[in-house]
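**Q** Sequence:
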Amino acid sequence: MRSVDLPSAGTVPLSSAISIPGVIAAVRDGLGGRSAVGTGFQAQAAAVGQASGANGADVPLFDARVVARHPHDARAFTQGLIWRDGALYESLGRPGESEVRRVRLADGRVLARAPIPPDQFGEGLASYRNELISLTWQHGIAHRWNARTLKRVGESRYPGEGWGLAAAGGELALSDGTPTLRFFDPRTFAERRRVTVTLRGRPLRDLNELEWVDGALWGNVWHTPYLVRIDAKTGAVTAIADLSAIVREVGLADPEAVANGIAWDGQERRLFVTGKLWPRLFEIKLEPRP
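No gaps in the numbering here: position 227 of the sequence shown is 227 in the working numbering, and each next residue is one more.
Source of the hints: derived by calculation from the structure; they are not laboratory data.
Just so it is clear, CB atoms sit at the ideal spot from N, CA and C, and this is done for glycine as well.
Some clues are possibly wrong.
[What the hints assert, rightly or not] Restraint-style ranges between C-beta atoms, simulated for each label pair:
no., residue 1, residue 2, range
1, Glu97, Lys151, 18 to 24 Å
2, Arg75, Asp265, 32 to 38 Å
3, Gly169, Ala87, 31 to 37 Å
4, Arg148, Arg69, 25 to 31 Å
5, Arg187, Glu249, 37 to 43 Å
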């Protein structure tokens, strides 16, 4: 996982916060927006940094304080994560390894699992009524599972790619790697609306896992240590959470072992995060950076 050094102010001018490419390519020099760039994403990252200095309010920055650490399957290529009925539910990716599973928080034990067809790459996961709905990357198939038994009960179709999925307010929010979030009817998968996710007016792509947390939509930004809070009506990013310290603690060299997975236990008000191939799952509190 790559990270960016951020200023220690309580809010971050977006010229200092996040570059849009899937790999963080520019390290900003303080508040001045001067970048040191060392990858093929140089031109795009520099353009994003310049554009993000346009008019607009700064975005609040939060740090993640670890409350508890729990075991997590280090072989799990985590694509989706939710909390439901006293357990974690997780969707895994990679062809031949993709599945949906129920996991006990205390010890990370897999209590039940349901395989996704081996030619498909599992993606995001959401809970709707008595079902779980899991996406596939490029097959355009949303598998529907009985939440209690994990028996497959049907499927829905959608155009384009599927990355992250979250359910709330009678809608499914779906990310596909572009700056566009699509919102679907959870019963029919008819598309209802779209929004463009923006950082101070500039499109933000590479949104991955999504989760509704205490009434707000949050998402991982792929190949970064950041979560962003998104206004689901306008698409504007309204906060950034920095998981850099957790990523450093995990300390994996695999470039694909990125932060991915957000789950919210609304009853106990607990927020969980993990990543692909991470050996731990973290309960965190988001605290404003002083």
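**Q** CB of arginine 75 to CB of aspartate 265, is that within 32 to 38 Å?
**A** violated, 24 Å
**Q** Just tell me: holds or violated, for the beta carbon distance of arginine 148 and arginine 69 against 25 to 31 Å?
**A** holds, 29 Å
**Q** Using the Cβ atoms, figure out if arginine 187 sits within 37 to 43 Å of glutamate 249.
**A** holds, 41 Å
**Q** Assuming the hint says 31 to 37 Å, is it satisfied by the Cβ distance from glycine 169 to alanine 87 or not?
**A** At roughly 23 Å between Cβ atoms, alanine 87 and glycine 169 fall outside 31 to 37 Å, so the hint is violated.
**Q** Honestly, do glutamate 97 and lysine 151 meet the 18 to 24 Å range at C-beta?
**A** Since the Cβ atoms of glutamate 97 and lysine 151 sit about 20 Å apart, the hinted range of 18 to 24 Å holds.
Violation of the numbered hints given earlier is confined to hints 2, 3; the remaining hints are satisfied by the structure.
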